[in-house]
Amino acid sequence: MNCRKIEPLLSEYLNNSLSARETLAVDRHLSECNACARLLNEMRQTVSLLASAPRREVSPDFMANLQARLAQTPAPTPRRVWRDNLRAMFRPRTLPAWGMAAAACALLLFLPIPRHVITPPPAPNDTPVQTADSIAQIAKNQHVALTAYSPLDDLAAANLAASSADLENEPAGERPAR
Amino acid sequence: MIAVSDADARLVLRCQANDAAAFNEIVARYKNKVYNYICRMVGAVADAEDLAQETFVRAYMSIHSFQSRASLNTWLFRIATNLCIDYLRKGRRAKAMTATPCREITEEETDAVSDLPDERFEPQRSLLSKELADHLDRALQTLPEKLRTVMLLYDVEGLSYEEIAQIVDCPLGTVKSRLFHARAALRAKLAPYLDERWSP
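So the protein lines, in turn, are chains P and Z.
Using the numbering used here, you'd call the opening residue of the first sequence number 1 and step up by one each time.
Using the numbering used here, you'd call the opening residue of the second sequence number 1 and step up by one each time.
Errors might be hidden in some of the hints.
[To be verified] Mimicking EDC-like on lysine to aspartate or glutamate, the simulated pairs with C-alpha atoms at most 20 Å apart in a straight line are: (1) Lys146/Z <-> Glu12/P; (2) Lys33/Z <-> Glu57/P; (3) Lys189/Z <-> Glu7/P; (4) Lys146/Z <-> Glu157/Z; (5) Lys189/Z <-> Glu145/Z.
[Claimed, not checked] Per the computed footprint, the stretches of chain Z lying under chain P, defined by three or more beta-carbons under 8 Å from a beta-carbon of chain P, are: (6) 27 to 33; (7) 71 to 84.
[What the hints assert, rightly or not] Not the full set, but computed from the structure, chain Z residues with beta-carbon under 8 Å of chain P: (8) Asn36; (9) Cys39; (10) Ala52; (11) Phe56; (12) Met61; (13) Asp155; (14) Val156.
Hints are computed from structural coordinates only; laboratory data are not their basis.
Glycine included, each C-beta is placed from N, C-alpha and C at the ideal position.
Looking at chain Z on its own, in the form it has when it is part of the complex (with noise of 0.2 Å):
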């Protein structure tokens, strides 16, 4: 974690010294991370897309004002979710996500990975999954975009409270309650089909 805080320190110094391979980069690491974010967040595939490249267009055009007082990951996430509240507070929601789903690991891709031979694969359970996902973006896209905020960057994304807090720009006790607030809703939600699917 160290290691990786220092790799980022490095690139944003090179940054900073107009290193465009460097900015470069930063994207390679993140893009997956922060569009991926944006996608359950704003539930719409064109748009996340764009959110994610207005995403690096901010962090490019202020990389300079980064004084380290955040992580790299951070500060990105909190330039993401800015633009996210700002999309969705505008009201420009586009297509629901299940009319046009994420770019998700392609079927050439998984064909490559389920050649082999696997004697877990069942279809299935895939199609469980797939189900399973699927009603969970739409409860997902249901909860309060705060709760929804702290639940994705903590249970999702893996950032700490501390992370959040700033990220949110409010106080640890905020965070830890909008997180059990966000759990208990989307597990209201999710509720009957748990207990249909996971029940003891």
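Extracted from the complex, chain P is given alone in its bound form (with noise of 0.2 Å):
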């Protein structure tokens, strides 16, 4: 590794956060390297500073002058979880998921989609395809019990019959050879 790849690590390598691997080719390095040994002290000693830095204290009042703001503010009350939780989901930690969700509706949206695939497929063979003949037989089938039910109200049946009534009582001269 080059300057450049190291010199980056070299924070993490302060907070021995690097993997096994990087750290030893940040140890081969500066090994050999005296400028980012030298970078590396500089910002060692940089952290050193400022986390041994004198700390700040607040002043004596902090307490009372705290305990005077809070007496003029309303009481606390139970907030809904669910507005925190709706929030929580448009937070920028969470928008690049939800431009990639987007992206992905998009792309599902002006997808050109074969046509098998939105062809329904064909009905279950429960209910048989009705054709013109089948319609035919229903329809005699409906017929023939109707007029086993009520075959006076048959009116083929009863044309029938007044016909077969005029053959009898023709003279047998005038009736047709069978």
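Quick one: dock chain against chain with the hints and give me the complex.
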């Protein structure tokens, strides 16, 4: 590794948060490169200085002042948890996920879908296909059922009966030969 | 660490049951941490204390919405960070910290300690530390606020990468990158001083 690749790793090297492989690479580089070794040393000094800088403390009347402010503040009330959850869903960290989901939806909408994918599958065979012959057969069956229940209401049968009676009343010479 | 978190969780539960004493305990536990952080973030003593109080007022107001997704420590630093960023963006920079330094340990308090015989006591060394600290404060104020936030939270307050990512609301990789750039920038600003004092 060269200096340009090592330098960004020095901060994590100080924190001992590099992988074993990266740590070994940095160690090797530092043993050969004085510039990076010096940079690391100065960075370590900077961090040490920052960590050891004197800490500030609040003034003695901090609590009294805070109590006075809290006394003027209305009592806290339980908030709706769902509102906080909803707000959390749209925090900046989650926006990339929402963007990817929107892109995926847009892709699905505009992607050409093969015809066979959207054609519905053929109907199952539990209902027979009705052709003209089958419809005629159904009508005939219904007709037979009706006439069996009330044969006198059957006009066709009545006409047939009337024509039979006419034939019987006619003179024998006028009957057509059968 | 786990014990502290458990204690914090119990305090939060008591606060949510409107126990004022529990909230006072939270303030007592975190006031100096929060104040120290805000001081270094905004660099103005009067406003720092005001912002620290505002942090606890906001925590008090929204304690019922705290759901333990983060630790109490992280939550308070998040509130403080947002307040500091708002403050800095509004450009209400008050007097520089060097003009009116934040309260440190008082002379009486230091005298009480320095009366004790200590072979390591060196007046020059104390002066050097003060001088370095002032130089450091000035250098910190020149860093961009995003870099300063991450550096203070990691190197001063000792928070983890994950906790900082929650506070500043960005990925872990961004936190690591900002920390590197902050350290490099601060080192560059302090380099002449470090060279002069600490070069091997």
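Hint check results:
1. Lys146/Z <-> Glu12/P: holds, 18 Å
2. Lys33/Z <-> Glu57/P: Holds. Lys33/Z to Glu57/P sits at ~8 Å (cutoff 20 Å).
3. Lys189/Z <-> Glu7/P: holds, 17 Å
4. Lys146/Z <-> Glu157/Z: holds, 16 Å
5. Lys189/Z <-> Glu145/Z: It holds: about 16 Å lies between the C-alpha atoms, which stays within 20 Å.
6. 27 to 33: holds (count 4)
7. 71 to 84: violated (count 0)
8. Asn36: Holds, about 5 Å.
9. Cys39: holds, 5 Å
10. Ala52: holds, 7 Å
11. Phe56: OK, holds: Phe56/Z within 8 Å of chain P, min 6 Å.
12. Met61: Given a least distance of 5 Å, the restraint on Met61/Z holds.
13. Asp155: Cβ of Asp155/Z sits 5 Å from chain P, so the hint holds.
14. Val156: Because about 6 Å separates Val156/Z from the closest Cβ in chain P, which is inside the 8 Å limit, the hint holds.
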